[in-house]
Structures are given as C-alpha cells and as structure tokens.
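Q: Going down the list, the protein sequences come from chains V and Y.
Take 9 as the starting number for the first sequence in this note's numbering and just add one per residue.
Take 453 as the starting number for the second sequence in this note's numbering and just add one per residue.
Worth flagging that the hints you see were computed from the coordinates, not collected in a lab.
As the structure is a prediction and not an experimental result, all values here were calculated from the model.
Treat the hints with care, as some may be off.
[To be verified] Taking beta-carbon pairs under 10 Å as the criterion, some of the chain V residues facing chain Y (in silico):
1) TRP46
2) ALA50
3) ALA52
4) ASP485
5) PRO486
6) VAL487
7) THR523
8) THR528
9) PHE529
10) ALA532
11) ALA571
12) GLY572
13) ALA576
All C-beta atoms, glycine included, are put in the ideal place defined by N, C-alpha and C.
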Amino acid sequence: MPGMNSGLSPDDPTLVAAFRSALLHQGAVALIAVVFLWLIWATARTWRLNGDAASGGAATSERGGSREARGRWLLRIGFGVLWILDGILQAQPKMAAGLPSLVIEPTAASSPAWVQHLVNWGGTIWSYHPIQAGAATVWIQVGLGAWLVVASRGRWSRLAGAASVGWGLIVWVFGESFGGIFAPGLSWLTGAPGGVLFYVAAGALIALPEGAWRSPRLGRLVLAGFGVFFIGMAVLQAWPGRGFWQGTVHGRPGSLTGMVQSMASTSQPHFLSALLSAFSSFVAGHGFAVNLVAVVVLAVLGATFLTGRPRLVRYAVWFGIMFCLADWVLVQDLGFLGGVGTDPNSMIPMALLFSVGYLALTPLPQEAPAPGGTAPGAGRGERLRELRPWTLGGMVASASARSVAAVAAVAVIVLGAAPMASAAADRSADPILALAIEGGSTSLDLPAPGFSLTDQDGQAVTLASLHGKVVLMTFLDPVCTTDCPIIAQEFKQTGELLGAKDKDVELVAIVANPTYRSTTFTQAFDRQEGLTGVPNWLYLTGSVSQLGAVWRQYGVTVQNLPAGAMSAHNDLAVVIDGSGNVREEVGADPGPATTSTRSSFSVLLTQYARQALGRS
Amino acid sequence: MISRWARAGLVLTTLACAGLAAGCGSASSRASGSLNGPTAPSAPTVTVPLSTSLVTAQGTWAIAVMGGPAASDNNFWQLFVRPAGASQWSLVTPPGVADNGGLVAAGTGKSLVIGFRPSQDLAFSPLATSTDTGKDWTPGLLDAGLANDPGAIAVDPSGQALALLQDGTIQTAATASAAAAGQWSELTTRQALAASAPGRSCGLRGLEAVSFGVNKTPMAVGSCQRPGVAGVFVDTSGTWQSAGLALPAEYRGDRVRVLGLAATSGGNVALLLAGDSLLAAWSNGTRWTVSAPVEGVGAGSVRASGFGTGGSAWLLVSGGRAETISGPDAGWHGLPTGPAGTATLAPGPGDAWDALAVSGSELTVWQLAKGAPAHWVQNQMIKVPIEYGSSS
Chain V
9 MPGMNSGLSP DDPTLVAAFR SALLHQGAVA LIAVVFLWLI WATARTWRLN
59 GDAASGGAAT SERGGSREAR GRWLLRIGFG VLWILDGILQ AQPKMAAGLP
109 SLVIEPTAAS SPAWVQHLVN WGGTIWSYHP IQAGAATVWI QVGLGAWLVV
159 ASRGRWSRLA GAASVGWGLI VWVFGESFGG IFAPGLSWLT GAPGGVLFYV
209 AAGALIALPE GAWRSPRLGR LVLAGFGVFF IGMAVLQAWP GRGFWQGTVH
259 GRPGSLTGMV QSMASTSQPH FLSALLSAFS SFVAGHGFAV NLVAVVVLAV
309 LGATFLTGRP RLVRYAVWFG IMFCLADWVL VQDLGFLGGV GTDPNSMIPM
359 ALLFSVGYLA LTPLPQEAPA PGGTAPGAGR GERLRELRPW TLGGMVASAS
409 ARSVAAVAAV AVIVLGAAPM ASAAADRSAD PILALAIEGG STSLDLPAPG
459 FSLTDQDGQA VTLASLHGKV VLMTFLDPVC TTDCPIIAQE FKQTGELLGA
509 KDKDVELVAI VANPTYRSTT FTQAFDRQEG LTGVPNWLYL TGSVSQLGAV
559 WRQYGVTVQN LPAGAMSAHN DLAVVIDGSG NVREEVGADP GPATTSTRSS
609 FSVLLTQYAR QALGRS
Chain Y
453 MISRWARAGL VLTTLACAGL AAGCGSASSR ASGSLNGPTA PSAPTVTVPL
503 STSLVTAQGT WAIAVMGGPA ASDNNFWQLF VRPAGASQWS LVTPPGVADN
553 GGLVAAGTGK SLVIGFRPSQ DLAFSPLATS TDTGKDWTPG LLDAGLANDP
603 GAIAVDPSGQ ALALLQDGTI QTAATASAAA AGQWSELTTR QALAASAPGR
653 SCGLRGLEAV SFGVNKTPMA VGSCQRPGVA GVFVDTSGTW QSAGLALPAE
703 YRGDRVRVLG LAATSGGNVA LLLAGDSLLA AWSNGTRWTV SAPVEGVGAG
753 SVRASGFGTG GSAWLLVSGG RAETISGPDA GWHGLPTGPA GTATLAPGPG
803 DAWDALAVSG SELTVWQLAK GAPAHWVQNQ MIKVPIEYGS SS
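Work out the full structure, taking the sequences as your base and the hints as a guide.
A: See the structure below:
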C-alpha cells in the first residue's frame with residue numbers, strides 16, 4: 009500500500025522519544041486545563057454560596073432525579089473503561105511509528121482493493137504525522153472514556169455516546185479495515201466483525217434518549233440483534249470449505265489452528281504462550297470437534313437471545329460470558345499483547361453489550377419530577393437567558409461536579425486532537441521522520457569552500473557568484489539508480505515549499521560520478537527528474553580534478569565500484585547562507601524513501617533554508 | 453416486542469447473508485472457471501535472455517548475470533572478454549553504473565558498445581564504448597530505456613548505431629561520437645512499422661532486435677501474429693520492407709520467433725524458432741538460405757543465444773543442451789550437455805567452445821575437449837567482487 013508505511017522501524021529511538029515527549033507535553037497541558045476548569049468552578053461556586061448566604065437564600069442543590077438504568081450504567085462505565093484502556097494501549101512506544109505497518113497494513117492486506125485504498129488514505133495521513141496522530145489517538149480515547157464515565161445523565165452523557173459512535177467508526181474503518189468483514193476467513197472466534205463495532209453500538213445506545221431505557225423493548229431489540237448476529241456467525245463457522253472444520257490441511261495448520269499458533273508467537277508471558285501452544289495442538293488434533301462446539305454454542309446462544317425470555321436469556325448471558333472469556337484467552341490471546349495491541353479485541357465489549365441487553369429487559373419505574381431541576385414548563389427563552397454573560401457565573405456555580413468533569417474530559421479530547429488536526433491540514437510530512445533517519449544535523453558556522461564548475465547549460469558557476477543567496481547543496485550521480493533521484497525530488501519539493509522565498513535560494517547539486525559526469529548526463533538527469541523547468545536548480549560538473557577537489561573539501565567520498573555496482577558516494581546536503589558560510593550539514597540518505605520520508609526531508613531542508621535566510 | 457414472524461424473517465435473512473459472506477470468501481476458484489468460461493491458451497512467447505556472447509576483432513565477449521539468487525537488486529550483469537589469441541577470460545564490466553537491469557552489447561571490428569538497461573529509478577540507458585578489450589571505457593548516452601533483448605543495439609563499422617527502445621521505437625545515431633553525446637534521432641516506431649505494408653502482412657506485435665544489413669541498411673526484427681511468417685524488415689531508403697525471409701511451407705502453421713539477427717561480412721544471419729523447430733537462416737543481401745531444423749526446442753526453454761564468426765550461430769536451452777551451426781553449408785551440431793550453471797557459450801577459434809558457468813559470484817570457464825566422446829574440462833575460475841546490497 010503506497011504511502012501508508014513510513015518504512016521506519018517502530019522502535020526508532022528518535023520517534024519513540026518524540027512520541028513520549030508529545031504525550032507528556034499534551035498531558036501536562038491537559039492537566040493544567042483540568043485544574044483551571046476546577047478552579048473556575050470552585051471559585052464561582054464559593055462566590056455563589058457567599059452571595060446566597062448574604063441574601064439569605066439556600067445554595068442550589070445538585071439536580072436530583074430518578075436513578076440511571078442499570079444497563080445504561082454498565083454500558084457507560086464498561087465502555088468508558090475500555091476506551092481509557094485503549095487510550096493507554098495507544099501510548100505504547102511502538103504505536104506512533106508502528107501502527108500503520110504493524111496493525112493497519114496487515115489488517116487491510118486481505119481486504120478488497122477498495123478497502124485497501126480507503127484505509128491507505130487514512131494510513132498515509134498517520135505516516136506523515138506519526139507523533140501527532142499517535143498522541144491524538146491516546147488523548148481522544150482517554151478523554152472519550154473519561155467523558156463516558158463521568159457524564160451519567162442528560163445531554164452531556166448522550167453527547168458522549170454520540171462522540172463514541174463517531175470515533176469508533178473512524179477506528180473501525182481505518183484501524184480495523186471494517187473489522188475484516190470484506191476479507192475472506194471471517195470468523196466470530198477471531199474477532200469478526202471488529203471489536204470497535206461494539207463500541208459504536210454501545211455509543212449509539214448511550215446516545216438514545218433516557219426514556220428508551222424505561223421500557224424492556226430496548227433490551228429485546230439488543231438481544232434480538234445479538235441473536236441474529238450469533239446465528240449468522242454460526243453459519244459462517246459451519247460453512248464448508250472455509251478451513252474451520254480441519255485442524256490441519258495437507259500437513260498445514262487449518263484456519264483456527266493457524267490463528268492460535270500466530271497468537272502464541274506474540275511476545276507475552278510464558279504461561280500464556282504455553283497455554284496457547286497447548287490449545288493450538290489440541291485444535292490441530294481435534295479441529296472438527298472444536299469447530300462443532302463453536303457452531304453449536306453460537307447457534308444456541310443466538311436462538312436463546314432471539315426468544316427474549318428473561319429466564320432463558322439469563323442463563324444464556326452467563327454461558328455466553330464464559331464462552332467469550334474462553335475465546336478471549338485461548339484464541340484472541342487477550343488481544344492487547346505484543347506491543348502493538350490497540351484494544352482487548354471483540355469478546356469483552358461483546359459480552360458487555362449482550363449483558364446490557366439482558367439488564368435492559370427489566371424496566372425502570374417512570375421518572376419522578378426532579379425537585380431542583382428545570383421546570384417542565386421552562387421555555388426556550390428561559391434557557392437562552394441562562395447563557396447570557398451575567399448569568400454565566402451562575403451557570404458555572406450551579407453546574408454539578410460531574411458536568412465539570414465532563415467538560416474537562418472534552419477539553420482533553422480537544423487538546424489531544426487539535427495538534428493532529430493542525431498537522432493534517434498540512435500536506436507535508438513531519439520533519440521528525442528525516443531526523444529519525446539521519447539522527448539530526450550538525451550546525452556549523454564555517455566558510456564554505458569555494459568552487460568553479462559548469463552548470464547543466466554549460467555556464468560557469470562559482471560559489472562567489474551565488475553570494476547573497478542561500479545555497480542548498482548536495483552531491484548526485486546522474487546515472488544513479490536509487491538514492492540520487494530521490495534526493496533530487498526532495499530538493500525540488502523543497503523549492504516548492506519555500507514558495508516566494510524560493511527566489512532567494514539556489515538548489516545546487518554537484519556531480520558525484522567520475523565517469524558519467526559531462527553535461528550530457530546532467531541534462532539527461534534533469535529531464536528524467538523533471539528539473540529542467542526549475543529556475544534555481546543548478547547541476548554542476550567539471551573535470552575529474554575539479555570535482556575531486558570539491559568532493560574532498562566537502563568531505564564526500566566518490567568511488568567507482570567494480571562488477572556492475574553503482575558509483576559509491578556518501579549522501580550529504582549542506583546549507584550555505586548568503587554570506588558564504590556553511591550553517592548546516594545534513595545526512596541526505598533518503599532511508600526507506602517512502603512518500604512520507606521524502607516529504608519529511610523536504611520539510612527539514614525548507615526549515616534549514618528559512619533559518620539561513622533569516623541569518624542572511 | 454418482536455413478533456415470531458419478524459424473528460423468523462431475521463433468522464432467514466441472516467442465514468442468507470452469512471451464506472453469501474462465506475461464499476464470497478471461499479469460492480473464488482469456482483467462480484473464475486464458471487463465469488469466464490474457457491479461455492484460449494495464450495500464444496507461447498519466447499523471451500530471449502540477455503546472456504550471450506559475441507566476437508569482434510578485439511576478442512570474444514560474454515555477458516552473464518551473477519550475484520544474488522532472487523532479489524533483482526543483488527543480480528549484477530557482468531561482461532567478460534577473452535582477447536583475440538588468448539585462452540583466459542577477464543572481468544571487464546564497465547564501471548560507474550549499476551547494471552541490475554541488464555547489459556546489451558554490440559560490436560564492430562574496432563570497438564564494443566555496451567548499453568545499460570534501466571533499473572529502479574534510472575529511466576535512460578548510459579552507454580560505454582571500449583576499443584582496448586575493456587581496459588578503458590568512454591561513456592555515452594541513450595536518453596531512453598533500451599529494450600530487454602540482446603539485439604537491442606547494433607553498430608556498423610562506420611560507427612552508425614541503432615537502438616531499440618522499451619517502447620518499440622528505433623533510434624539511430626549517425627556516428628560513434630554522436631552516440632556518445634546522446635545525439636540520437638528516431639528512425640521508426642513499432643506503430644509505424646505495424647501500419648506499414650510488411651507490418652500488416654505479418655501482423656506485427658512488437659519489435660525485438662535491430663541490426664544492419666548489406667550497405668549499412670537498418671534492419672529490425674519483430675514478432676508476427678501471422679503463423680509461418682518471420683518478422684525481419686529492412687529499411688530501404690526510408691521505406692520499410694520485408695527482408696524476404698520465407699520459411700519452407702512445412703512451417704506455415706507455426707508461430708515463428710526470430711531469436712536474433714546479426715550482420716555477417718556479406719549479409720546477415722538469423723536464428724529462428726518455428727514452433728519447436730530451431731532454424732538458422734543466412735542472407736547474402738538478395739536471397740535467404742534456411743538450414744535444416746533441430747526439433748524439440750521448446751518455447752521458453754532458451755537460456756542464451758549468440759553468433760560467431762562466418763555466419764555461425766548457437767543456442768543454449770535449459771538442461772545445458774546446446775546446438776551450434778557453423779554456416780549455411782553446415783548442419784546443426786549438438787555439444788555435450790553443458791556443466792551445471794552454464795549461463796552462456798562462447799565460440800573459440802576453429803571449432804573450440806567455452807561454456808561459462810555461474811554460481812553466485814563465481815564464474816567457471818569450461819573448455820570443450822575434443823575426443824571420443826567430447827567433454828567439458830574446467831579451464832578457469834574467476835571470483836567476481838560483487839557489491840551485494842549496493843543497489844538496495
């Protein structure tokens with residue numbers, strides 16, 4: 009999938025350190041915001057209490073009302089905790105650089121082309137801004153979880169459910185490739201239709217008007233939905249020719265055996281891997297029996313849920329929970345191990361959701377009028393008046409602690425997402441990728457060695473003739489097959505990024521091949537790379553002795569290798585300011601040369617050029 | 453409350469959807485057969501490998517691929533020379549360009565021109581010319597990608613050059629210095645040749661080699677759709693015509709592929725496959741003579757081919773089987789099965805032959821020892837200093 013993968017190691021120390029730093033920085037800002045909100049609320053409340061005491065009135069008590077439905081409470085707390093856990097998992101060191109290559113790409117690999125295309129679009133945005141994307145995901149999920157936990161009632165709570173639906177859909181589409189539902193090998197045992205789809209369903213239920221929870225109809229609908237789902241999954245599991253009935257096929261692991269074996273190879277505590285290895289051996293030897301159990305259990309669970317009879321459903325729910333837990337441990341391997349697990353997979357959220365369906369079968373009594381709440385007759389005009397500035401202090405003071413906590417949770421989401429939103433608006437990649445490849449540049453303040461060479465049009469060019477302009481200079485072999493064309497494109501893109509400043513910058517390449525060095529080749533290279541129309545592009549060459557002197561002075565080693573190998577030279581870029589001083593020396597090895605790393609190098613060079621322009 | 457009927461409907465819908473999903477995931481092999489129906493077997497194609505040898509006044513040159521077993525980035529093409537009068541080979545691969553895309557050679561009496569095929573991000577073909585058996589090389593440029601065929605370059609003794617490009621265009625450079633300076637001009641294109649009378653007559657599908665005929669006339673080799681027709685064309689004063697190579701009537705139903713075309717002192721020699729029959733044909737500028745066939749040379753089994761002096765030609769197929777023919781008046785002669793790893797053959801003086809066998813970065817040269825029976829004897833081993841990973 010082009011674009012999605014930056015090609016860098018998920019363990020790259022520069023990226024890991026930057027990710028950790030971003031998390032700490034944003035965490036500190038979020039903490040300050042939360043404390044600030046609390047201070048405002050506490051101050052307003054104290055002021056209001058004093059005012060009420062002075063006027064002889066009583067402080068407004070927190071709004072009362074009937075209790076929250078048990079099912080809704082479980083849904084909100086359960087999925088709130090799951091979102092927080094997912095957020096913490098997203099903070100694992102490998103996540104920033106590794107999510108596209110280790111999680112998204114493998115998940116999408118077996119899906120149809122249109123799914124891969126869509127997922128690639130999202131993955132490319134991530135790979136261009138891995139630090140911001142990784143940190144944003146952490147804070148969005150932590151914030152969402154906290155929001156669900158603290159906002160128990162009313163619009164804030166329903167809004168948390170809606171937000172959960174929105175973010176869940178994003179994760180389901182781009183992170184889970186639609187839960188793999190368009191890929192072959194779909195199976196309930198391995199996580200179909202994607203764990204996050206249950207988060208979406210839970211969010212939708214939380215977003216419902218609270219009145220919906222006061223009737224058993226909601227519970228029946230949830231259970232009926234699960235009944236249909238389980239029966240469908242049973243049919244899929246039983247369908248012949250999909251490899252689930254055989255533990256081994258022609259000496260190779262069957263579908264389920266292969267899945268368990270791959271999970272057993274994940275980095276995890278020994279007892280878990282031993283347990284999984286034992287289970288995979290069991291499945292390999294008794295594939296038919298294991299699949300038969302799975303099919304029967306799914307079908308029975310589905311049929312029982314479809315009846316909607318509480319007594320039957322209660323047993324089915326307990327049995328379903330046990331079965332889900334067994335699958336969670338033995339097949340899904342808890343879902344979050346190995347350093348790049350993003351969630352506990354599908355079994356826990358699924359069990360939570362059908363348990364909630366059972367709890368919702370028991371209706372709540374009708375809500376009594378809230379003694380301190382807004383009177384039923386309160387009109388739109390009255391609510392609008394509450395928003396006027398002189399009543400805002402009163403609103404803040406009368407807000408419940410839960411409401412303030414909910415606002416704080418939303419603030420965490422916004423603070424986390426804002427840098428990513430800002431970065432995504434920029435079509436260029438983060439320079440951190442280039443820094444990760446090169447390990448940073450060297451700042452210098454040395455007179456640049458002069459040269460007198462010939463450009464691609466046969467005109468003489470000296471360093472002195474470029475005085476007053478910033479020179480971005482590199483060394484390129486015109487018949488190179490790998491790095492040099494990539495570096496040339498990075499330089500070209502740097503010129504584009506500089507915009508109006510481009511006229512004050514010269515993009516200079518010096519030939520790095522002792523044999524293929526005439527202007528015939530520099531011109532051919534320019535045509536190949538689309539550089540002929542770039543006005544400030546100079547590709548300089550000269551005699552072997554002239555070039556040799558420049559190579560030596562700038563520390564570039566050029567050597568023809570034997571036996572059909574490319575002419576070897578070190579990849580280097582230097583930034584020379586308008587006064588003729590070298591200000592920066594950058595390793596220009598393009599690394600994996602993905603679209604994101606190319607863009608990243610261009611951004612880095614642009615930054616250096618702008619700094620040098622500022623000094624000129 | 454969900455009614456029983458509604459539940460039953462839900463279950464049935466679920467079963468149908470699940471079945472559909474399961475079918476989508478598992479029945480692709482069945483679908484491909486039944487929906488598309490039987491398709492006509494595609495015509496066998498013969499990709500002529502770049503491994504070859506050629507003889508010039510300087511000596512005998514051989515090209516073979518060496519290096520890594522699988523990754524193309526670690527496959528490096530090598531040029532070896534055995535100077536005239538010598539018995540030992542030397543590595544003389546021109547330096548300065550990664551040659552993972554392949555090498556194409558063309559020789560005249562005075563010089564040898566090597567073209568580098570494009571690879572990875574290099575889109576054009578640097579050239580290198582030597583007049584001293586590969587000790588020194590003069591760089592040149594073809595500002596386009598050379599075709600993947602050992603006959604993609606031709607040079608005549610005056611220095612005029614022809615180049616067949618990847619897109620089927622034929623370019624020409626008037627002199628060796630023009631070729632070095634990248635001053636090539638278009639001679640014709642595959643489309644133009646296909647639209648010409650001889651192109652229509654053969655149902656031209658693609659161009660595969662260039663050469664010079666008598667009086668320095670440019671020639672082109674193409675693959676013909678029409679059975680029994682050999683696609684050899686000659687440019688007569690700017691008009692492309694059939695070169696008149698007609699095969700015996702027994703091949704009229706066979707697909708004919710011209711494996712190579714080379715200039716000789718008095719005309720041309722061509723190597724052809726008509727069905728499973730290997731043929732050679734010689735032209736003196738006015739008429740062609742076709743050899744007797746060698747049967748059982750399967751399409752796709754060709755490993756290397758080339759031409760020697762005096763209109764001789766040879767073909768190496770998989771399994772080490774080699775067939776040679778010394779000229780229009782001779783018959784085909786089978787050589788003993790080549791040693792393991794034989795990449796190419798090289799004719800020596802008289803009826804001597806060398807087999808160049810490759811194993812990783814080692815080249816072993818075997819000489820054909822005469823006797824009863826003839827057999828291969830190891831003559832030389834060259835350790836090639838391949839820079840693994842340098843093109844990655």
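Q: May I ask which of the numbered hints given earlier this structure violates, with the numbers listed in increasing order?
A: As far as the earlier hints go, 1, 2, 3 are violated by this structure, in ascending order.
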